[in-house]
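Asks: Heads up: the protein sequence lines correspond to chains Z and D, in order. At position 294 of the first sequence (counting the first as 1) the number is 294 in our numbering, and the numbers step up by one without a gap. At position 279 of the second sequence (counting the first as 1) the number is 279 in our numbering, and the numbers step up by one without a gap.
One or more of the hints may lead you astray.
It does not matter which identical chain is meant; a pair holds if it fits inside one copy or across any two.
Unchecked claim - Simulated crosslink set (BS3-like; lysine-lysine; CA at most 27 Å straight-line):
(1) Lys-91 with Lys-58
(2) Lys-121 with Lys-280
(3) Lys-319 with Lys-91
(4) Lys-20 with Lys-130
(5) Lys-26 with Lys-319
Hint data in this document are derived by calculation from the structure and do not stem from the laboratory. As the structure is a computational prediction, the values presented were derived from the model and not from experiment.
Residues per chain are reported as follows:
Protein chains: 2
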Amino acid sequence: MKIHNFSAGPSILPKDVIDKASGAVKELDNSGLSLIEISHRSKAFISIMEEACELALKHTNLNNKGYKALFLQGGASQQFLMCAYNLLDNKAGYVNTGTWSTKAIKEAKLFGDVIEIASSKENNFNYIPKGYDIPSDLDYLHLTTNNTIFGTQYKEIPKTTVPLVADMSSDIFSRKFDYSKFDLFYAGAQKNMGPAGTTLVIIKEALLGKVSRRIPSILDYTVQIKGGSMFNTPPVFAVYTSLLTLRWIEEKGGIEVIGEKNSLKANRLYNEVDRNPMFKGFASEESRSQMNVTFNLVDAELTDTFDAMCNDNGISGLKGHRSVGGYRASIYNALSIESVEKLINCMQLLEQKK
Amino acid sequence: MKIHNFSAGPSILPKDVIDKASGAVKELDNSGLSLIEISHRSKAFISIMEEACELALKHTNLNNKGYKALFLQGGASQQFLMCAYNLLDNKAGYVNTGTWSTKAIKEAKLFGDVIEIASSKENNFNYIPKGYDIPSDLDYLHLTTNNTIFGTQYKEIPKTTVPLVADMSSDIFSRKFDYSKFDLFYAGAQKNMGPAGTTLVIIKEALLGKVSRRIPSILDYTVQIKGGSMFNTPPVFAVYTSLLTLRWIEEKGGIEVIGEKNSLKANRLYNEVDRNPMFKGFASEESRSQMNVTFNLVDAELTDTFDAMCNDNGISGLKGHRSVGGYRASIYNALSIESVEKLINCMQLLEQKK
Chain Z
1 MKIHNFSAGP SILPKDVIDK ASGAVKELDN SGLSLIEISH RSKAFISIME
51 EACELALKHT NLNNKGYKAL FLQGGASQQF LMCAYNLLDN KAGYVNTGTW
101 STKAIKEAKL FGDVIEIASS KENNFNYIPK GYDIPSDLDY LHLTTNNTIF
151 GTQYKEIPKT TVPLVADMSS DIFSRKFDYS KFDLFYAGAQ KNMGPAGTTL
201 VIIKEALLGK VSRRIPSILD YTVQIKGGSM FNTPPVFAVY TSLLTLRWIE
251 EKGGIEVIGE KNSLKANRLY NEVDRNPMFK GFASEESRSQ MNVTFNLVDA
301 ELTDTFDAMC NDNGISGLKG HRSVGGYRAS IYNALSIESV EKLINCMQLL
351 EQKK
Chain D
1 MKIHNFSAGP SILPKDVIDK ASGAVKELDN SGLSLIEISH RSKAFISIME
51 EACELALKHT NLNNKGYKAL FLQGGASQQF LMCAYNLLDN KAGYVNTGTW
101 STKAIKEAKL FGDVIEIASS KENNFNYIPK GYDIPSDLDY LHLTTNNTIF
151 GTQYKEIPKT TVPLVADMSS DIFSRKFDYS KFDLFYAGAQ KNMGPAGTTL
201 VIIKEALLGK VSRRIPSILD YTVQIKGGSM FNTPPVFAVY TSLLTLRWIE
251 EKGGIEVIGE KNSLKANRLY NEVDRNPMFK GFASEESRSQ MNVTFNLVDA
301 ELTDTFDAMC NDNGISGLKG HRSVGGYRAS IYNALSIESV EKLINCMQLL
351 EQKK
């Protein structure tokens with residue numbers, strides 16, 4: 001039976017990427033060696049790293065605009081720490097849109113004053129705040145562009161004169177977007193880019209060198225840029241598989257085309273959530289994420305029935321996060337419209353059965 | 001042609017491990033999903049992580065002795081930082097045996113007084129210092145048990161009453177060893193354990209909680225222990241492949257048996273280095289590493305000839321580090337005695353040709 005993988009992350013990747021990654025672990029490009037046995041200083045791997053950085057900048061339309069792409073380790077959680085370590089000298093603003101923003105705020109507080117500019121906590125983070133004032137003397141403003149757990153996503157980026165930093169772990173490369181509004185953004189690979197184990201950081205170089213504290217080498221963006229993401233041994237497999245996905249995005253026509261497909265998938269599923277009387281959506285309508293669709297059963301007693309239906313139809317990874325309960329359908333780039341339709345079928349089956 | 005992979009790291013892994021890792025990227029245990037598409041909170045992955053930790057403790061004979069095993073990200077370089085962040089309150093001692101020790105010292109200096117207890121720098125790190133005094137008031141003493149670049153290795157661990165910390169990146173699981181002498185040791189996976197992208201840390205829990213500073217969550221061993229190495233998304237592929245190697249070690253009879261095989265390989269190669277008038281060893285005899293055999297040509301003008309011979313015989317990754325020049329044969333656990341013999345043949349071929 002085909003498995004429809006709605007997992008929030010690590011999550012579905014294109015089948016072609018999976019096959020090529022598996023092949024490269026066996027043998028990289030007829031080299032007689034496995035991808036994971038070669039030196040990271042070999043020509044083969046340096047070329048992999050360079051192409052991955054180049055494609056990441058190309059897809060975000062930031063080539064030749066003063067930005068650098070880095071493939072680091074430690075996930076977005078390490079970036080919560082690194083962006084504060086490198087950029088927070090006096091005070092920073094954070095918009096709190098959920099669990100990950102809250103964690104980012106916690107780490108930043110070790111390094112300076114942190115102002116919570118806005119928050120949707122009072123409503124269990126079911127919307128993206130709007131219409132707040134942003135002080136002009138912040139070292140930076142930090143956003144989480146998509147909130148995996150709550151299923152919310154920024155549609156517009158707030159206007160500000162201060163540097164803009166964003167955690168884009170769960171929606172990078174998923175839609176057409178003016179990435180040049182951001183001075184620094186980062187994303188754990190394990191949603192739309194690759195396997196867990198590497199984190200893409202794209203940073204405007206002019207942003208660096210402004211804090212007075214001494215930064216440990218591995219956490220220092222300047223050191224990482226100088227080393228071309230190879231200050232120390234990079235996570236070879238995760239970088240290579242990310243490159244395969246970045247190539248796949250290219251082959252599919254780039255993020256604009258992918259973004260349109262993602263809109264279609266999300267619209268179909270939200271339409272069903274709104275139409276089907278058995279379900280209700282969690283996120284407020286104007287903040288709905290195109291990546292993570294959160295919804296609950298109107299009658300929680302039907303949980304076992306619906307879970308069994310999903311299971312019988314090969315639908316996997318649909319359980320909502322404990323903060324929200326119910327269901328979360330993660331419909332990342334690699335998930336097909338057919339999988340969304342399979343889920344819609346299950347939802348309609350429940351309605352008919354009732 | 002079979003490639004004989006003498007790369008210093010990332011480096012050779014058992015063929016069986018490579019094949020199984022490749023297979024799991026395609027599909028994990030008939031689950032219908034790739035290893036890299038499943039949630040790290042799934043039963044399947046939690047069991048992988050638990051077994052990997054358990055086997056790491058078993059192979060080091062540290063089960064039920066107050067130690068925890070962690071699989072983190074960031075390589076040994078991140079551990080240079082973490083061990084100082086977590087343990088250095090007042091002053092620490094470091095023995096400087098090469099490039100990696102020097103880097104560890106540099107990072108530790110951000111957090112307290114660092115005393116270089118001994119160093120072999122004056123002789124380009126070609127030996128492991130002995131017979132030094134260790135102050136009794138150190139927060140810890142830090143060693144690098146094997147020095148990949150220079151080809152030196154501790155045979156005996158200095159006696160001390162202070163906590164002992166070690167970077168074992170290039171010789172963990174390679175020999176019978178009293179690991180209980182150490183309070184904390186760590187190893188980047190990419191030599192004897194797996195692909196680049198995860199770092200094993202084994203730590204005595206009683207060592208923690210003694211510094212006064214606030215530690216960022218991701219760098220805090222206590223937080224990482226509490227999260228079972230899953231404070232944030234772990235590097236799933238690297239952990240799984242490390243588990244495969246830990247199982248392979250078990251199947252081969254454990255590290256005692258593997259250590260004997262490693263001795264045999266190293267002895268054969270050092271014997272040839274000593275016997276063959278075309279070559280001279282770099283590391284001093286009593287400090288010679290069983291993992292990285294460093295040697296130079298007596299007549300550097302034969303470099304191109306010897307390189308071509310190696311190349312013609314499928315010998316790969318033999319180039320020495322620029323700090324030493326010449327050659328470095330990394331003969332990790334997975335390298336067969338046949339590969340060592342192939343290299344010896346090449347060395348003898350050069351002698352005959354002359």
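Asks: Give the relationship of Lys-20 and Lys-130 under a CA distance limit of 27 Å: within one copy only, between copies only, both, or neither.
Replies: neither (43 Å within a copy, 50 Å between copies)
Asks: Treating 27 Å as the Cα threshold, decide for Lys-319 and Lys-91: within, between, both or neither.
Replies: neither (38 Å within a copy, 49 Å between copies)
Asks: Pop the pair Lys-26 and Lys-319 into one bin, within, between, both or neither, using alpha-carbon distances up to 27 Å.
Replies: Result: close only across copies, 24 Å inter versus 34 Å intra.
Asks: Pop the pair Lys-121 and Lys-280 into one bin, within, between, both or neither, using alpha-carbon distances up to 27 Å.
Replies: Within one copy only: 20 Å inside, 68 Å across.
Asks: As a check of your reading, is Lys-91 near Lys-58 (CA-CA no more than 27 Å) within one copy, between copies, both or neither?
Replies: neither (32 Å within a copy, 47 Å between copies)
Taken one by one, the earlier hints fail for this structure at numbers 1, 3, 4, listed in ascending order.
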